[in-house]
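Student: Respectively, the protein sequence lines represent chains V and Y.
For the first sequence, my numbering begins at 1365 and goes up steadily by one.
For the second sequence, my numbering begins at 983 and goes up steadily by one.
No wet-lab data here; the hints were simulated from the structure.
In this text, a Cβ means the ideal position worked out from N, Cα and C, and glycines have one as well.
Do not take every clue at face value.
Beta-carbon label-pair distances, calculated as ranges [what the hints assert, rightly or not]:
1. Y:Arg1137 x V:Gly1692: 36 to 44 Å
2. Y:Glu1147 x V:Ala1439: 48 to 56 Å
3. V:Gly1515 x Y:Glu1147: 37 to 45 Å
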Amino acid sequence: MTTPGTDTDVPIEDGKQPVVEQRLHPVTPLRRAWAPVAVLIGWAVHDPDQAQRQLTRLTTTTLLLGLAVCVVGGALYGFLTWWFTHFAVTETELRIRTGLLFRRTVHIRLERIQAVDITQPLLARVAGVAKLKLDVVGTDKKDELAYLGEGHARALRAELLARAAGFAPETAHEVGEAPVRQLLHIPARVLAISLVLTGATWGSLAAALVVPPFLWFATHSLWTVLATGLPLLGAAGASSVGRFVAEYDWTVGESPDGLRIDHGLLDRTHETVPPGRVQTVRIVEPLLWRRRGWVRVELDVAGSSNSVLVPVAPREIAEAVIGRVLPGVTVPAELSRPPRRAGWCLPFWWRGYGIAVTDAVFVSRHGLLRRSLALVPHAKVQSVRLEQGPWARFKGLADVHVDTGANKTVTAGLRDAQEAAELLRGQAERSRTGRREALPDRWMV
Amino acid sequence: METGSPDTAGEARGERRDEPVWTGLPRDLLRMRRLLLVVWLAPLTLGTGLLLGLLCGPAWASFALLPLALLLWGWPMLGRNWASWRYAERADDLLISRGVLWREETIVPYGRMQLVEVTSGPVARHFGLASVQLHTAAAATDALIPGLEPAEAERLRDRLTELGEARSAGL
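Same shape as in the complex, but just chain V (with noise of 0.2 Å):
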């Protein structure tokens, strides 16, 4: 099952060598099928009476041939626009050529490349294929390859990060995949532990639990329960098991095309993020994880909807990661504190503030019982803007905000005035400095 579609030769304007375009693979019209028969169960869960009443109505003949028509329609939908979606790989851009009645076309440049993702949920694991997708500023979700063949998905994935990387456009086909040297796996063990040992894990559960009673007793109501009792079940089950089965079987490799990420139970995912593509990393620290000295660590890509890039493992373990992922930083271990008339501004929690600058990031962190430890590269400051409001001043407090290319905002909170006005002066220098010494975004070149 992993023969490429029908190839095309379609020749290029500027007489240079012909675009190869290429078909997605024919299992895609299928995922598409099971739209209307959605729509009708989606309907009859919604308004169940009304439902019962039109099936009554409703002969042999007319519902066999309303089903033809859907099940023919449908087909015909899925079949076109499969025909009519196009992909090319080009030295420079990954083309997506797409639509039946609106056409529309994507040129997405390789060296802008955030991360690629292939995604395999359960159903496609089943049918041997794989979605696609490049992570690049704008992009969205109708911008992914789906579906391909497994092993076309791997060789594209080869030949866009290779392309991406600077290799010759002729030896981009050659190169393969890179090797991966595995970093970290996290025991199905510990998330378990990690995933008992979190608040919001515990919070929803109770919700579920205690809420629908009481309704029951406040209102005797079945509809009111099952409707506020099923959605509270939803959000602790998609908080217990569903992050389960979304994070069992984490690794964490490293290659030279960057920092590969796979991880879940049932849905497969493989991420890859090239080198230089971080703007920010968290490490988060639950109340309940400390006395094991376990850490969660998250970071930021432009364009990417992951953020997790260590779900639980012991502190020293994950700063080893992070020290492959963003090279040459180490997590400092001593934080500055703000003054202690920060109190003044926000009793009590600012004491889990606190800063530190080293060569290569800005470090700040916040929270009491849930600590978070952000680090930004220098060299990934989009922006610095100090702010201060009237009680601030008067207490003689200023904040610096960092803000990154990821759209998020890594703040100093309630420091010194003097020591922000330097802070802002000092990132915005070191910022500059950065830049010059980050990679290149064609990281073999």
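Using the hints, position chain Y against chain V.
Tutor: For chain Y alone, kept in the frame of chain V given last:
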């Protein structure tokens, strides 16, 4: 506090990194804002005073003091706010400082600029003003200069784009 003329500004500004040369906003911006304040609040004061005075009695007409107070309070406030706005072009970044009670200072490196936007509405055009906004990849960046003479706005836009190209960097 007036803007420097565009031809001499280039040399005078920002080649030394430590000492930013600040530029204020043109006085026309203050004039425009004060005019808008009066145009909105003066008829409101008169209208409320007359209407309530005629319909409900002179005691009720004292409600007209509210917009009047707002007008009298707003007049110097606009002046203070206008005076607090300033910007500086340094060799590698643009500085914008503003605010009286809530002070804010923004530094945007030229290399981070994604686009520069120059806009001016009908009223601003009548006063010969245009605003310049810098956009970076971070949406939180709020580098806006609300009113500049069109020639200065264009000069700034061209200079920013030029410097942005020279120092551009990936994300």
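Student: Take the hints in turn and mark each one as holding or not.
Tutor: Verification of the hints:
no., hint, verdict
1, Y:Arg1137 x V:Gly1692: 36 to 44 Å, "41 Å, holds"
2, Y:Glu1147 x V:Ala1439: 48 to 56 Å, "51 Å, holds"
3, V:Gly1515 x Y:Glu1147: 37 to 45 Å, "42 Å, holds"
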